[in-house]
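In the order they appear, the protein sequences are chains A and B.
The opening position of the first sequence corresponds to residue 1 in my numbering, with each subsequent residue numbered one higher.
The opening position of the second sequence corresponds to residue 1 in my numbering, with each subsequent residue numbered one higher.
Just so you know, these hints were derived from the structure itself, not from any lab.
Treat the hints with care, since some could be wrong.
In silico EDC-like links for lysine to aspartate or glutamate, alpha-carbon gap of 20 angstroms or less [unchecked claim]:
1) Lys-304(A) with Asp-333(A)
2) Lys-7(A) with Glu-182(B)
3) Lys-66(B) with Asp-12(B)
4) Lys-38(A) with Glu-12(A)
5) Lys-44(A) with Asp-23(B)
6) Lys-133(B) with Glu-48(A)
7) Lys-207(A) with Glu-331(A)
8) Lys-38(A) with Glu-48(A)
9) Lys-298(A) with Glu-336(A)
10) Lys-158(B) with Asp-15(A)
11) Lys-160(B) with Glu-297(A)
12) Lys-4(A) with Asp-21(A)
13) Lys-32(B) with Glu-72(A)
14) Lys-71(A) with Asp-23(B)
15) Lys-47(A) with Glu-17(A)
16) Lys-44(A) with Glu-190(B)
17) Lys-189(B) with Asp-41(A)
18) Lys-282(A) with Glu-297(A)
19) Lys-140(B) with Asp-333(A)
20) Lys-76(A) with Glu-58(B)
If the Cβ cut is set under 10 angstroms, some of the chain B residues that face chain A in the computed set are [unchecked claim]:
21) Lys-32
22) Arg-33
23) Asp-51
24) Leu-63
25) Asp-90
26) Leu-170
C-beta atoms are modelled at their ideal positions from N, C-alpha and C, and glycine is treated no differently.
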Amino acid sequence: MNCKNIKNMISEYIDSELYTDYREKVEEHLSTCPDCKKYFDEIKGLKELISSATFYDLSFDKSVKLARLVKEKGVKTLPPIVRPEPLWKRWQFVSIISVITILILGALFIQIYKPITFLAPMEKAVELAEEQIRGEVTQEEELVFEKVGDGITKELTEKAAPEEMTPEETIESEEIKKQGELITITPEVPPVPQPIIIVSENDYMQKDIESKLIKQKFEEGIFREEHFEVIEQINLNHIVLIKEDYDKWLIKKTFPEIEQFKDFDQILQIIEPEIYKRLTGKEQLPETFPLLYFFLEKAKFEGKDAYIILGRGPGKDLEEELAKFFICVIEIDTNEILYLDY
Amino acid sequence: MTIRYKEEKISDENLLRNYLKGDQEALISLVKRHQRAIYNLSFRFMGNSHDAWDSTQETFIRLINKAKSFKGISKFSTWIYRITCNVCKDILKKRKKNISQSFEEKKLEEQVIIKNRIYEVNDRILEAEEMDKVQNLLQKLPTKLRMVTVLNDIYDLKYKEISRILNIPLGTVKSRISRSREILRNILKEEREQKNNLL
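Only chain A is shown next, with the shape it has when bound in the complex (with noise of 0.2 angstroms):
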């Protein structure tokens, strides 16, 4: 190397970002060239001149005014905490409801004659269709199916024919009958970080790998603490939940954008069995892989272009779907696992 390459690369030496080869190579050639010496002495007190640098606080006047203006801002940004109503309007609602309870006693109390039977809306309104395509619907019940109805009863009404109900149709009316009697509930999701894909110059040994994806992975400031934290907290059930999302985010969505992973989805499907198999030790592969990316790095393995998966998977001991985290290292040319470790 001549001394211009070595000039370029000081700066990048000084702050620890030059990879160990090249390190190696400045370190060799600052030691017989007085000339790069030199300059590299320049530099490296600038350096030292500048971090040097004082630095500046807020007035205590100042730290006031911009608490100030904070407090200020920030209320009006916010959206309006509900307050407890009033108890008044507590009672008028207690009111409201006294009146419409006397009024449906009323109701019921005229039409003491007549035999009443009391059905879930969804059998009421596949009753009421029955009854309409049989032709007995009188024009007051026709009303009240109307109002019965939500979606699923004008569906019924656009299928009841006016003459007869084919066989199909029959069924189609059973099903309804049986969904009505479902009920679902919809489980809340906690906020999930969304996952980190980056393409890095690192360059990972085996021996270090465990150390600098997970036990340092908080001072580089790309394998956040908090991140991991919070997909360790996350609930199984969850992750089944938000499973397709990372999936469409990660390989439907991301990858034809980022050009350094276009293949990736392609990869992931011959590699994906490998995985699974090493994870859980069976040789029976199920139809599809509970498997969840969440950190993807395009990086050197051992000088070796390679994809560094962070991801939750099954285990040898767990039955569960995704209750382990792994790591996984695999190479591009060859897509062969280089390193797994769970």
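Fit chain B to the known structure of chain A by using the hints.
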């Protein structure tokens, strides 16, 4: 019941989350935690306390307005530094535009600035300090080079983080840092030669 954030244990990201849930104190803690860094950063970019104060206020206003859009992909500090850099760039851009304004208007504006400065006694002390050697050197650099130098040498940030803050490629960060150092080295060299000639 409000939670008090006297300790630094709670992360910036969680403070922001708490603020979005309606906790005002979380926002105040966040501001207190970062106001010094933001003010100093603004000062180093802008070169005077008046502009640094404007930039600090604007940075926190933007932070409040954009709080909901913080997704947590980058670190909170990266995000807030990015806002500060953008605010400073905007102020400098505006100033460039204002060069074309009439001489009279400019004179009036300068008078207002001077008036403000007179009342800010504490800042006048800082103004004196401001004329330190480092700031003098930084002021001789073009804005783009000044920003990378401040982030790298004063804030001790890695090239990768600087590239994220300024939204420029890593290679550009490297080249800007070495260009900036080359310029500063030449300035110092000239100064030294001038001193030697005088002696």
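Evaluated hints:
About 9 angstroms separates the Cα atoms of Lys-304(A) and Asp-333(A), which keeps this hinted pair within 20 angstroms; it holds. As the CA atoms of Lys-7(A) and Glu-182(B) are separated by approximately 10 angstroms, the hinted pair is consistent with the 20 angstroms bound. Distance check on the hinted pair: Lys-66(B) and Asp-12(B) sit about 15 angstroms apart at the alpha-carbon level, within 20 angstroms; holds. A hinted pair counts as satisfied when its Cα atoms are at most 20 angstroms apart, and Lys-38(A) with Glu-12(A) qualifies at roughly 16 angstroms.
Straight-line distance between C-alpha atoms of Lys-44(A) and Asp-23(B) comes to about 46 angstroms, which puts the hinted pair past the 20 angstroms bound. The suggested pairing of Lys-133(B) with Glu-48(A) holds, with an alpha-carbon distance near 13 angstroms, which does not exceed 20 angstroms. Distance hint between Lys-207(A) and Glu-331(A) is fulfilled; the C-alpha atoms sit about 17 angstroms from each other, no more than 20 angstroms. Our distance criterion of 20 angstroms between C-alpha atoms is met by Lys-38(A) and Glu-48(A), whose separation comes to about 15 angstroms.
Between Lys-298(A) and Glu-336(A), the direct Cα distance comes to roughly 15 angstroms. Compliance with the 20 angstroms bound is thereby established for this hinted pair. Between the alpha carbons of Lys-158(B) and Asp-15(A) the distance comes to roughly 8 angstroms, so the proposed pair stays at or under 20 angstroms and holds. For a cut-off of 20 angstroms, the pair hint linking Lys-160(B) to Glu-297(A) stands: about 14 angstroms separates their Cα positions. Simply put, Lys-4(A) and Asp-21(A) have alpha-carbon atoms about 18 angstroms apart, close enough for the 20 angstroms limit, and the pair holds.
Distance hint between Lys-32(B) and Glu-72(A) is fulfilled; the C-alpha atoms sit about 15 angstroms from each other, no more than 20 angstroms. Annotation: proposed proximity of Lys-71(A) to Asp-23(B) holds, straight-line Cα distance about 11 angstroms (limit 20 angstroms). At most 20 angstroms may separate the alpha-carbon atoms for a hinted pair to count; Lys-47(A) and Glu-17(A) meet this at roughly 14 angstroms. Of the pairs offered as hints, the one joining Lys-44(A) and Glu-190(B) holds, with about 18 angstroms between alpha carbons and a cut-off of 20 angstroms not exceeded.
Restraint check for Lys-189(B) and Asp-41(A): satisfied, since their Cα atoms lie roughly 13 angstroms apart, inside the 20 angstroms limit. As the CA atoms of Lys-282(A) and Glu-297(A) are separated by approximately 27 angstroms, the hinted pair breaks the 20 angstroms bound. Distance hint between Lys-140(B) and Asp-333(A) is unfulfilled; the C-alpha atoms sit about 48 angstroms from each other, more than 20 angstroms. Taken as a hint, the Lys-76(A) and Glu-58(B) pair is honoured in the structure, with Cα atoms around 16 angstroms apart against an allowance of 20 angstroms.
At about 8 angstroms, the closest approach between the beta carbon of Lys-32(B) and any beta carbon in chain A falls short of 10 angstroms, and the interface hint on this residue holds. Checking Arg-33(B) against chain A: minimum C-beta separation of about 12 angstroms lies over 10 angstroms; hint violated. A hinted interface residue such as Asp-51(B) counts as satisfied when its beta carbon comes closer than 10 angstroms to some beta carbon of chain A; here the least separation is about 12 angstroms, so the hint is violated. Nearest Cβ of chain A to the Cβ of Leu-63(B): about 9 angstroms, under the 10 angstroms cut. The hint holds.
About 18 angstroms separates the beta-carbon of Asp-90(B) from the nearest beta-carbon of chain A, more than 10 angstroms, and the hint is not met. For Leu-170(B), the shortest C-beta to C-beta distance to chain A is roughly 8 angstroms, which falls under 10 angstroms, so the interface hint holds.
Checked against the numbered hints above, the structure breaks hints 5, 18, 19, 22, 23 and 25 and satisfies the rest.
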